[in-house]
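Chemist: Here is what each chain is made of, one letter per residue.
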Amino acid sequence: MSRAEIFANIRRGLGREVPSDTQRQTVQNRLRAQADNIIPARAQLPRPQQVELFRAMATEAAAELIDLDSLEQLPAACDNWLTTQGLNEFICASDPQLAGLDWSDIQAAKAERVAQVGDMAALTTSFAGIAETGTLMLYSRADSPTTLNFLPDNHLVVLHESDILGVYEEAWKKLRNHCQTSDGLLQMPRTVNMITGPSRSADIEQTLLMGAHGPKRLVIFIVKN
Amino acid sequence: MDINTPFFKARASEALQDANLQQALGNLKQGFPHKRAIAVERMPEFEALRDQGRDLKNHILEHLDLYLEQFESKVTENGGQVHWARTGDDANRIILDICQQVNAKTVTKGKSMVSEETGLNDYLEKNGIQPVETDLGEYILQLRGDHPSHIIAPAIHLNLEDVSEAFHAHHNKPKSDDPVTLMQEARDALREKFVVADVGITGANFCVAETGSTIIVTNEGNGDLTQTLPKTHIVITSIEKVVPTLEDMTLFLRLLARSATGQEFTVYNTLSSGPRREGDQDGPENFHVVLVDNGRSEMVGSQFQDMLRCIRCSACMNHCPVYGAVGGHSYGWVYPGPMGSVLTPKMIGIEKGAALPNASTFCGKCESVCPVRIPLPKLMRHWREDEFSKHLTPKAARYGLGSWAFLAKRPALYRQFTKASSWGLKLLANSPFGGKKGKLESLPLASGWTDFRDMPAPQGETFMQQWKKRQNAEQTDGDAS
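Top line first, the protein sequences correspond to chains A and B. Quick note on numbering: numbering that gives the first Met the number 0 labels position 200 of the first sequence as 199, and the sequence is numbered without any gaps. Quick note on numbering: numbering that gives the first Met the number 0 labels position 263 of the second sequence as 262, and the sequence is numbered without any gaps.
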C-alpha cells in the first residue's frame, strides 16, 4: 500500500510516529491565517500609480491596451478592432455584463458558446487586474467557460479600472470574498487563470516567438470607473 | 529512459566535440542568466524572498505528512481523486488504469519532468495508448525520439535545422527554416490532437493544501488546452510540491519565473481544483492527482532533505559552467546539472549515479542563484563521501586520496614534500623538457590538465616558507624596538 508506506517513511524521517498536537495546531493555524509573506514594495502605491503600473507591466508583457470611457463603448470598440484585423466574427460568454450591452450596430457576428478549434476571437470579462506584473485574473463558472481564454487566436478581455489591484495577495482576498460556500468558506472555482500577455515560446533555438498554443494576441479594454 | 549516467565522462567528451551542441549551448549562456540578473535587479526584495522561500520550504518539510493529508482531503472534497505512487512503476500503472477506465486511445501531455522520471510515455505506448507531448520543445523531442536535456527548455540542445528536419519528416509540409512557420505548423498539428484526446496529463509546480488545487506555470498555453479539453485530467506530480496556502504559493511564484526564465511572471499560471462544477460549460469531468514518491520520502530527515526544497526553476544548471560546457544529455538521465547531480543518485542509486556529483568544480554558482538556497555543493560532497565509503571510487582516485591523506596528517612531512615538489617542478620548467616562460607543457599523471593548457611552474618559495620568514622578520623587528 503506497500511501501507508509513504507516510511511514516521512514520519520515520521526521523522527515521530504520529504528529504531536502542537504540530497539528501549527499547520491548522497556518492554513487558517492565510497570512501574507513578503509583499514587494513595487505595487504598494496610491491608486492612480497602481493603474499606471498595471498598464506599463501589461504592455511590457505584450498585451495591447484600449481605453474605454464606459462599458457602453465596448461593442463599437470590439467591432472596430475585429474589423481592423479583417475578422468578422467572435464568440463570447453569456456574461450578464456583456449581455446587457447593445450589440445591434456591430458588423461582426457574435455567438455565445464555448470555443472550438478554428475560432478566431473570443471576448471575455475579467475578475481582476494585478498591477505588480500586469496580470489578469479570470475564473471558470457557468458564464465564463475556460476554452474562451485559450483556444481562439485572439483574446479580448474587459477589465474595469476599479478591478485593478496592487498585488496577487489582494486578488486572493477578493476571490475569497467572492467565491464562498454558505458557511463563508472559500469555494474554489474549477480553475483560476492568471494571464500575463499572449502565448509565447522560446523552444526553437531560444528565440522568443509569440503565439505558441494559446492566443497570439491579448487585447485588454480598460474601462474607466 | 535508459540510464547512461556511468558514461558521463565519455558523453561529456563527445559533447565538447559536437559543434552543433556547442552552438546551441552558446545561446543558453547569453539567455537565462542574463535575464535572471535583470529580473533580480528589478525586485529589491529578491534576497529576502529567497530567505523566506527557504524557511517556508523547511517548515513544510517538517510538517509534510500533515500538509499532504490536508491536500488529499481538499482534492476529494472538490470532487477529485488522489492516488499515491511509491515508485515510478506504481505511478505508470495508476495512470494506465485511469486511461483504460475511460477507454482512452490518445492522451495529450503538458510538460512534466516527473513523467520523464517514471518513463510514462514508453509505458503508455507499450500498452496501446498514444501519448502526445504538447509543449513545443517536448513535441519536437517526441518527433525525434529524443529526451529533454534541460528541465524547462527541453530542446535547448537542438538548432533550427534540427527542428526544421523533424517537422519536415512528420508534417507533410514543405521544409521550412522560418521559426514562425515552424511554430504555426506545430500549433495546427497539435490543435487536432487537443480536441480528440480522451485524457489530458499535466504536471504541477505546486499543490495547495488549503484549497486542494494544483498549479501549472507555462508560457505556451499548451498545458491549459491539455487539461481543459479532454474529459479526464490527470495531474502527475511529486509529494514535496505541497504548499500550505494560496499566499504561500504566491511567494514561490514570485521566485520561480524570475529564477527560471528571468520573466517578471510566466504567461499562464493556472490553478486546477477538481472537475467541472455544476453549470460549467467546459473543463474535465474527472480530476485525478497522482502523487509520486520515488525516493523522496526517504530523503526526509536525511542529509539530503534540503534537496526537497527544489522548485525546479533550472537556475542552477543555467549558471553551471559544467552544464554550460557539456549540456544536459551528458548527465545520462532525467535531471541534469547541479540539482540532477544530487537527485539522480537518490533515484537510480549511487552505484550508477556516482559520476554526477563528481562532475562539479564546486564553484558554488548554483547555490548562489538557488531561489530556496539549497546548498548544492555540500549535497554533492555528501554523495562523494558516500561513494568513497562504499568503495565505489576508482582505484587511482582512492590511492591518490589515500596518499594525500597520509601526507596531510603529517604536517612536517607534507611541508618537505611540497617544498621538494615545488623545487622539482621549477627545475623541470627550466630544463629542456619545460615550456616557455616557466610553464610546463606536459606532466606525468596530469595530462588531463596539460593536454589543454600549460601548467605554470611554482614561483618563489612555498607559502609555509614565506610565512616562517615573515614571522621571523616580525620577531626581529619586535626585538629591535
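Don't read these hints as lab results, they were simulated from the structure. Certain hints may be false.
As the list claims (entries may be wrong) - Straight-line distance between alpha carbons at most 27 Å, and here's what the computed DSSO-like set of lysine-lysine pairs gives:
hint	chain 1	residue 1	chain 2	residue 2
1	B	Lys345	B	Lys377
2	B	Lys351	B	Lys408
3	B	Lys174	A	Lys215
4	A	Lys215	B	Lys230
5	B	Lys8	B	Lys394
6	B	Lys418	B	Lys389
7	B	Lys34	A	Lys215
8	B	Lys377	B	Lys8
9	B	Lys351	B	Lys125
10	B	Lys351	B	Lys377
11	B	Lys377	B	Lys389
12	B	Lys192	A	Lys215
13	B	Lys28	B	Lys8
14	A	Lys215	B	Lys389
15	B	Lys425	B	Lys438
As the list claims (entries may be wrong) - Negatives, chain A to chain B, calculated, CB over 10 Å:
hint	residue
16	Asn8
17	Ala34
18	Asp35
19	Pro74
20	Gln96
21	Ser198
Quick reminder that beta carbons are idealized off the backbone N, C-alpha and C, glycines included.
Chemist: Could you run down the list of hints and mark each one as holding or not?
Modeler: Tested hints:
For a cut-off of 27 Å, the pair hint linking Lys345/B to Lys377/B stands: about 15 Å separates their Cα positions. Between the alpha carbons of Lys351/B and Lys408/B the distance comes to roughly 32 Å, so the proposed pair goes past 27 Å and is violated. The hinted pair formed by Lys174/B and Lys215/A meets the criterion: a straight-line CA distance of about 23 Å does not exceed 27 Å. A C-alpha spacing of about 26 Å is found between Lys215/A and Lys230/B, which places the hinted pair at or below 27 Å, so the restraint holds.
A distance of roughly 16 Å separates the Cα atoms of Lys8/B and Lys394/B; the hinted pair therefore holds under the 27 Å criterion. Under the criterion of a C-alpha separation no larger than 27 Å, the hint pairing Lys418/B with Lys389/B is inconsistent with the structure, at around 34 Å. At most 27 Å may separate the alpha-carbon atoms for a hinted pair to count; Lys34/B and Lys215/A meet this at roughly 23 Å. For the given pair, Lys377/B sits about 22 Å from Lys8/B by alpha-carbon distance, which is consistent with the 27 Å threshold.
Our distance criterion of 27 Å between C-alpha atoms is met by Lys351/B and Lys125/B, whose separation comes to about 26 Å. At roughly 20 Å between alpha-carbon atoms, Lys351/B and Lys377/B fall within 27 Å of each other, so this suggested pair holds. Between Lys377/B and Lys389/B the alpha-carbon distance is near 18 Å, which keeps this suggested pair within the 27 Å criterion. This hinted pair checks out: Lys192/B and Lys215/A have alpha carbons roughly 19 Å apart, not beyond 27 Å.
Among the hinted pairs, Lys28/B with Lys8/B is consistent with the structure: their alpha-carbon atoms are about 22 Å apart, no more than 27 Å. Between the alpha carbons of Lys215/A and Lys389/B the distance comes to roughly 55 Å, so the proposed pair goes past 27 Å and is violated. Distance hint between Lys425/B and Lys438/B is fulfilled; the C-alpha atoms sit about 9 Å from each other, no more than 27 Å. Not every CB of chain B is more than 10 Å from the CB of Asn8/A (nearest about 4 Å), against its label as outside the interface.
Interface exclusion of Ala34/A from chain B breaks down, the closest Cβ pair being 6 Å apart, not more than 10 Å. Residue-level check failed: Asp35/A sits 6 Å from the nearest beta carbon of chain B, not beyond 10 Å. The Cβ of Pro74/A sits about 23 Å from the closest Cβ of chain B, beyond the 10 Å cut-off, so the non-interface label holds. Chain B leaves Gln96/A outside its interface by the beta-carbon criterion, the shortest separation being 17 Å against a cut-off of 10 Å.
With a cut of 10 Å on Cβ distances, Ser198/A falls inside the contact zone with chain B, its closest approach being about 4 Å.
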